[in-house]
Amino acid sequence: MSPALIAMLPFIGALLPGLLIRSGRSVAATACGTTTFVALLGLLLHVPAIMRGEVITARFEWLPLIQLNANFRIDGLSLLFGILILGIGLLIITYARFYLSRHDSIGKFYTYLMLFQGAMVGIVLSDNILLLLVFWELTSLSSFLLIGYWRHLPAGRQGARMALTVTGMGGLAMIAGMLILGQIAGSYDISDILNAKEAIQASPHYTTALILILIGAFTKSAQFPFHFWLPHAMAAPTPVSAYLHSATMVKAGLFLMARLWPVLSGTAEWFWIVSIIGLITMTLGALIAVFKDDLKALLAFSTVSHLGLITMLLGFGTKDAAIAAVFHIINHATFKAALFMTAGIIDHETGTRSIARLGGLRKLMPVTFLIGTVAALSMAGIPPLNGFLSKEMMLYEASHLEMARQVFMVVATIAALFSVCYSLRFIVQVFLGNERDDYPYHPHDPGFGMWAGPALLVVLVVLIGLFPNTMAGWLVDASASAVTGEVAHAHISLWHGVNAALIMSLIAIAGGAFLLGLHRPLLAAWDAAPRPEAKAIFDWFVLRCVFVGRAITAGLTNGSMPRALAFFTLTVLGAAGVAWLTGEAGPVTRPMLPVEPVPFVGWLMAIVATGCMVFFHRIRVLALVLVGIVGLITSIFFAYFSAPDLALTQISVEVVTVILLLLALNFLPKRTATETSSVHRGWDAFIATLAGLGFGALTYAMLRRDFAFPSISSYMLENSYKLGGGDNVVNVILVDFRGYDTFGEITVLGIAALAIFALTQTLLQGRSAKRLTNWVHDQRRAGDRHPLMLVIATRVILPISLVVGIYIFLRGHNQPGGGFIAGLVVAIALLMQYMASGYAWAQDRQGLPYHALIGAGVVAAGVTGIGAWFNGRPFLTSAYGYFKLPFLEEFELATAMGFDLGVFLCVVGAVMLALNSLSRIARKTGETVNKKPMDIDLSDEQPKEAN
Amino acid sequence: MEFLVASAIGATTAAGIYLILRLRTFAVVLGMTMLTYAINAFLFTTGRLVVNMPPILHGHGEVNVADYTDPLPQALVLTAIVISFGMTAVVVMMALGAFIEGGDDHINMPENDRIMPPLKTIDDPKQTEDETA
Numbered sequence: 001m002s003p004a005l006i007a008m009l010p011f012i013g014a015l016l017p018g019l020l021i022r023s024g025r026s027v028a029a030t031a032c033g034t035t036t037f038v039a040l041l042g043l044l045l046h047v048p049a050i051m052r053g054e055v056i057t058a059r060f061e062w063l064p065l066i067q068l069n070a071n072f073r074i075d076g077l078s079l080l081f082g083i084l085i086l087g088i089g090l091l092i093i094t095y096a097r098f099y100l101s102r103h104d105s106i107g108k109f110y111t112y113l114m115l116f117q118g119a120m121v122g123i124v125l126s127d128n129i130l131l132l133l134v135f136w137e138l139t140s141l142s143s144f145l146l147i148g149y150w151r152h153l154p155a156g157r158q159g160a161r162m163a164l165t166v167t168g169m170g171g172l173a174m175i176a177g178m179l180i181l182g183q184i185a186g187s188y189d190i191s192d193i194l195n196a197k198e199a200i201q202a203s204p205h206y207t208t209a210l211i212l213i214l215i216g217a218f219t220k221s222a223q224f225p226f227h228f229w230l231p232h233a234m235a236a237p238t239p240v241s242a243y244l245h246s247a248t249m250v251k252a253g254l255f256l257m258a259r260l261w262p263v264l265s266g267t268a269e270w271f272w273i274v275s276i277i278g279l280i281t282m283t284l285g286a287l288i289a290v291f292k293d294d295l296k297a298l299l300a301f302s303t304v305s306h307l308g309l310i311t312m313l314l315g316f317g318t319k320d321a322a323i324a325a326v327f328h329i330i331n332h333a334t335f336k337a338a339l340f341m342t343a344g345i346i347d348h349e350t351g352t353r354s355i356a357r358l359g360g361l362r363k364l365m366p367v368t369f370l371i372g373t374v375a376a377l378s379m380a381g382i383p384p385l386n387g388f389l390s391k392e393m394m395l396y397e398a399s400h401l402e403m404a405r406q407v408f409m410v411v412a413t414i415a416a417l418f419s420v421c422y423s424l425r426f427i428v429q430v431f432l433g434n435e436r437d438d439y440p441y442h443p444h445d446p447g448f449g450m451w452a453g454p455a456l457l458v459v460l461v462v463l464i465g466l467f468p469n470t471m472a473g474w475l476v477d478a479s480a481s482a483v484t485g486e487v488a489h490a491h492i493s494l495w496h497g498v499n500a501a502l503i504m505s506l507i508a509i510a511g512g513a514f515l516l517g518l519h520r521p522l523l524a525a526w527d528a529a530p531r532p533e534a535k536a537i538f539d540w541f542v543l544r545c546v547f548v549g550r551a552i553t554a555g556l557t558n559g560s561m562p563r564a565l566a567f568f569t570l571t572v573l574g575a576a577g578v579a580w581l582t583g584e585a586g587p588v589t590r591p592m593l594p595v596e597p598v599p600f601v602g603w604l605m606a607i608v609a610t611g612c613m614v615f616f617h618r619i620r621v622l623a624l625v626l627v628g629i630v631g632l633i634t635s636i637f638f639a640y641f642s643a644p645d646l647a648l649t650q651i652s653v654e655v656v657t658v659i660l661l662l663l664a665l666n667f668l669p670k671r672t673a674t675e676t677s678s679v680h681r682g683w684d685a686f687i688a689t690l691a692g693l694g695f696g697a698l699t700y701a702m703l704r705r706d707f708a709f710p711s712i713s714s715y716m717l718e719n720s721y722k723l724g725g726g727d728n729v730v731n732v733i734l735v736d737f738r739g740y741d742t743f744g745e746i747t748v749l750g751i752a753a754l755a756i757f758a759l760t761q762t763l764l765q766g767r768s769a770k771r772l773t774n775w776v777h778d779q780r781r782a783g784d785r786h787p788l789m790l791v792i793a794t795r796v797i798l799p800i801s802l803v804v805g806i807y808i809f810l811r812g813h814n815q816p817g818g819g820f821i822a823g824l825v826v827a828i829a830l831l832m833q834y835m836a837s838g839y840a841w842a843q844d845r846q847g848l849p850y851h852a853l854i855g856a857g858v859v860a861a862g863v864t865g866i867g868a869w870f871n872g873r874p875f876l877t878s879a880y881g882y883f884k885l886p887f888l889e890e891f892e893l894a895t896a897m898g899f900d901l902g903v904f905l906c907v908v909g910a911v912m913l914a915l916n917s918l919s920r921i922a923r924k925t926g927e928t929v930n931k932k933p934m935d936i937d938l939s940d941e942q943p944k945e946a947n
Numbered sequence: 001m002e003f004l005v006a007s008a009i010g011a012t013t014a015a016g017i018y019l020i021l022r023l024r025t026f027a028v029v030l031g032m033t034m035l036t037y038a039i040n041a042f043l044f045t046t047g048r049l050v051v052n053m054p055p056i057l058h059g060h061g062e063v064n065v066a067d068y069t070d071p072l073p074q075a076l077v078l079t080a081i082v083i084s085f086g087m088t089a090v091v092v093m094m095a096l097g098a099f100i101e102g103g104d105d106h107i108n109m110p111e112n113d114r115i116m117p118p119l120k121t122i123d124d125p126k127q128t129e130d131e132t133a
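Line by line, the protein sequences give chains A and B.
Sequential numbering of the first sequence, starting at 1, is according to the UniProt record's numbering.
Sequential numbering of the second sequence, starting at 1, is according to the UniProt record's numbering.
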């Protein structure tokens with residue numbers, strides 16, 4: 001089976017519970033189990049090839065430009081982790097089916113679990129570090145969902161947040177490290193990186209990359225000082241703890257260190273950082289585990305300790321240590337998953353996980369006792385179980401170090417001693433002792449479905465212990481070879497003769513048993529001793545961050561918009577100033593155009609209008625007229641400087657905007673009161689002047705220089721006719737070259753109009769509707785609301801302006817015009833009817849809803865674009881031809897016209913919908929509807945004077 | 001001519017910035033309209049000032065690029081003008097809605113609304129015990 005398919009299968013499996021959960025919980029469980037089993041089978045089929053030393057790969061290009069490709073590989077290391085993830089996953093799926101109660105939504109659980117499984121399989125099968133990072137982040141997210149699965153429990157939510165924060169931040173560091181690594185190696189493929197050891201270790205960025213990657217690995221694998229999240233993640237349901245926190249997720253960090261071992265290890269930095277952190281974690285985790293009361297917390301800290309052990313072995317950097325590390329990964333996964341499931345069984349059957357309330361379960365739960373005891377003895381490192389073998393190998397490696405041997409020997413022995421102590425404690429204080437009569441539930445052994453999984457693992461624990469080479473030797477060899485990059489052969493045996501490791505082991509066992517004897521007084525001392533509480537520190541830190549964040553936010557935006565905008569303007573000015581001072585502008589190359597008299601007058605009008613506008617802005621109608629003047633001059637400006645299309649667009653938009661603002665002003669106050677002090681206004685004027693000077697200077701500097709880079713416009717000019725079939729290059733760019741942009745833009749315009757419609761809908765209901773119905777206008781209204789001359793004139797003009805619109809639309813491809821301008825012209829023609837003859841009269845005579853026009857426009861543009869697919873061309877490729885109809889001149893028909901029609905419809909719909917919405921508000925205020933086209937308002941009631 | 005264009009754009013910008021720093025919605029809307037003119041004109045001038053050379057092809061033979069002004073900024077600004085209309089319309093509608101709903105056209109948040117709610121990011125430990133119990 002292709003590696004890509006193996007990685008895909010769990011994701012496919014994640015879809016099944018949602019589809020099948022109605023058929024029952026067992027069906028959902030079976031479906032997930034089956035996909036997992038198929039994936040596992042597919043992986044195992046590759047075993048013979050991998051044993052021959054082959055590497056199975058599958059490569060798909062995804063984003064080749066940034067070298068992010070879906071490349072997968074299976075070698076010994078991937079095989080080992082794949083078997084662990086899928087094999088234990090299978091057991092967990094069975095176990096969870098019986099563990100979760102009737103009230104838990106099991107479909108959701110299986111979906112999360114399969115998602116997580118897929119992410120883990122993806123990590124171990126990736127042959128591209130960018131792809132690996134994607135899966136890496138996915139494990140953080142899916143484990144967040146799993147840890148917080150019981151979302152009604154605050155502990156679950158907090159644990160999930162903490163895990164996500166810590167592993168997520170580590171993940172960010174790792175992304176940076178991986179990018180550096182990829183840059184050094186010149187490739188993001190793991191196969192290539194593994195061959196670039198010399199280049200990587202010689203690079204000046206090696207240490208940076210190493211530390212960043214290690215932060216990612218350490219956070220994931222709960223290494224000191226990031227170990228604190230793992231015990232809090234134990235708030236998750238036990239199947240999750242057994243899966244994530246024994247066998248898989250926490251091993252992802254180890255996997256990564258093992259994967260990159262050939263290129264990163266062997267340096268002094270690697271040795272000191274990795275092995276010392278591993279040593280500290282191993283000892284500290286074991287020490288805390290000795291005193292934990294919660295069964296799962298004990299196992300969690302023991303996991304921390306064992307992860308530290310494996311990290312330390314990888315840190316040693318020797319081939320034999322790597323073999324020991326790989327072997328311990330297998331052993332730890334078997335006995336720890338079994339122990340977690342045992343803890344879950346005890347919790348499930350007795351109702352408590354507190355060791356203080358347990359004891360004496362030996363006779364009540366004999367099967368659980370047997371499973372738990374064997375697994376715990378293996379964790380303690382008692383022969384002949386598998387935990388003993390790898391622990392002996394660890395101690396042996398520690399006693400054969402070249403550097404700091406004594407330190408490692410002593411501390412490792414102490415850690416092993418603690419480990420023996422908490423393992424024996426698990427047996428003695430839970431199962432042995434007197435039977436009690438105050439368990440929350442009446443305990444008994446669970447059904448077969450629940451103990452089958454851990455039982456199978458315990459059988460493996462014994463078998464690997466007795467026959468290590470037959471049972472696990474092949475897997476250790478294959479994966480150790482993949483880790484070290486050389487052919488590795490493990491010689492695992494129970495009896496090595498009397499050597500340092502054996503003596504250290506004996507000391508640890510005796511010391512551990514002795515320590516357990518003293519447990520009661522020691523526990524009292526431990527509880528009394530002050531020690532830092534990681535959760536409190538973490539919470540304090542998070543709270544500080546939130547406080548700082550809030551302080552910054554409140555400082556910048558305290559609810560005053562002018563203040564925020566002033567900050568924004570000053571920041572932009574500052575940034576632009578720095579850019580101008582530090583950058584280098586090219587030489588002045590363009591001559592000035594001569595000043596003609598007419599443009600000069602235009603300039604004068606613009607300046608005067610702008611100045612008056614600022615000066616008189618409190619008289620709102622006057623300000624609006626002045627804005628209109630500036631807009632008109634802008635359109636003349638466009639016309640003068642060779643942009644006829646822009647001039648037409650600007651002038652028609654201007655009309656629509658002024659009508660819109662006038663309609664709004666109908667309701668708003670007509671004057672603005674002076675509210676600010678002169679100092680305040682002076683300061684605002686200062687900022688505004690600075691901005692104006694800056695922007696003007698920038699424009700002038702730009703206008704006097706030629707293009708810094710060759711413009712791409714020449715391509716458009718040259719190909720406008722050849723490829724787009726149009727002479728009006730601007731229109732061809734809009735509907736053809738940059739058609740996709742235009743498509744997006746008309747969609748945005750449509751959305752804006754719909755947003756206006758929605759706002760109006762809310763205004764026409766509730767409190768504001770009441771205000772509107774009782775609205776008192778602050779101005780006298782004209783007696784003849786529909787002046788005779790205006791009504792007659794607009795009716796005569798309507799057909800003419802519609803024809804003008806069609807004309808502008810049709811010629812748009814070759815002459816100034818097009819969908820945008822035609823749409824605006826037609827919208828204005830319709831608006832005139834509304835203004836002259838009244839809303840109701842006009843609305844009665846037009847049957848099209850404007851929403852539909854917008855929708856039709858977007859669809860028409862989209863369909864035209866899709867039409868190109870049927871010709872085997874990409875989206876929006878246009879075709880055109882010239883046609884001759886009788887009595888008409890030859891004219892052109894291009895598919896781009898269909899697109900332009902969409903633009904046209906959308907613009908008409910959007911403009912009309914926006915202005916219609918305002919009219920609806922006006923009608924709500926009780927404006928009478930005219931029955932006849934030219935009625936005169938004879939109502940006696942005159943509005944009050946404005947006051 | 002370049003100086004006239006640049007100074008007009010600068011003046012319009014200054015007016016726009018001054019108006020968006022006012023305290024009432026209508027002035028801010030007008031300010032945004034002024035800024036729109038300035039920015040659209042600026043974007044258009046990135047094609048540099050050229051008189052009497054509209055980008056409309058004279059014939060269908062070889063195209064002499066030097067005979068035409070830069071069409072690309074024009075195409076971009078054309079859609080920008082229409083989109084700015086959509087934006088103005090939405091902002092006007094919001095201003096109007098706020099006035100009808102709230103009864104005044106102040107742009108700032110009322111003082112009472114500015115007080116941030118107390119931090120509740122960390123779950124109360126007491127509550128934790130209650131729920132787990």
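Read the hints as simulated data drawn from the structure, not as lab findings.
Quick caveat, the model's predicted, so the values are computed rather than measured.
A hint or two may mislead.
[Stated by the list, open to error] As a list, the in silico SDA-like pairs of lysine to any residue whose alpha-carbon atoms are at most 20 angstroms apart:
no. : chain 1 : residue 1 : chain 2 : residue 2
1   : A       : K722      : B       : G103
2   : A       : K670      : A       : K722
3   : A       : K770      : B       : A66
4   : A       : K722      : B       : H58
5   : A       : K670      : B       : H58
6   : A       : K924      : B       : M94
7   : A       : K108      : A       : L41
8   : A       : K924      : B       : G103
9   : A       : K319      : A       : K108
Do the hints match the structure? See the list:
Straight-line distance between C-alpha atoms of K722/A and G103/B comes to about 59 angstroms, which puts the hinted pair past the 20 angstroms bound. Between K670/A and K722/A the CA atoms are separated by roughly 55 angstroms; this puts the pair beyond 20 angstroms, and the hint is violated. Between the alpha carbons of K770/A and A66/B the distance comes to roughly 63 angstroms, so the proposed pair goes past 20 angstroms and is violated. This hinted pair checks out: K722/A and H58/B have alpha carbons roughly 14 angstroms apart, not beyond 20 angstroms.
Between the alpha carbons of K670/A and H58/B the distance comes to roughly 51 angstroms, so the proposed pair goes past 20 angstroms and is violated. Distance restraint check for K924/A and M94/B: the Cα-Cα separation of roughly 17 angstroms lies within the 20 angstroms cut-off, and the hinted pair is therefore satisfied. Distance check on the hinted pair: K108/A and L41/A sit about 25 angstroms apart at the alpha-carbon level, beyond 20 angstroms; violated. Using a Cα cut-off of 20 angstroms, the hinted pair K924/A and G103/B holds, with the two alpha carbons roughly 17 angstroms apart.
For the suggested pair K319/A and K108/A, the alpha carbons sit about 43 angstroms apart, so the restraint of at most 20 angstroms is broken.
Of the numbered hints stated above, those contradicted by the structure are hints 1, 2, 3, 5, 7 and 9, listed in ascending order.
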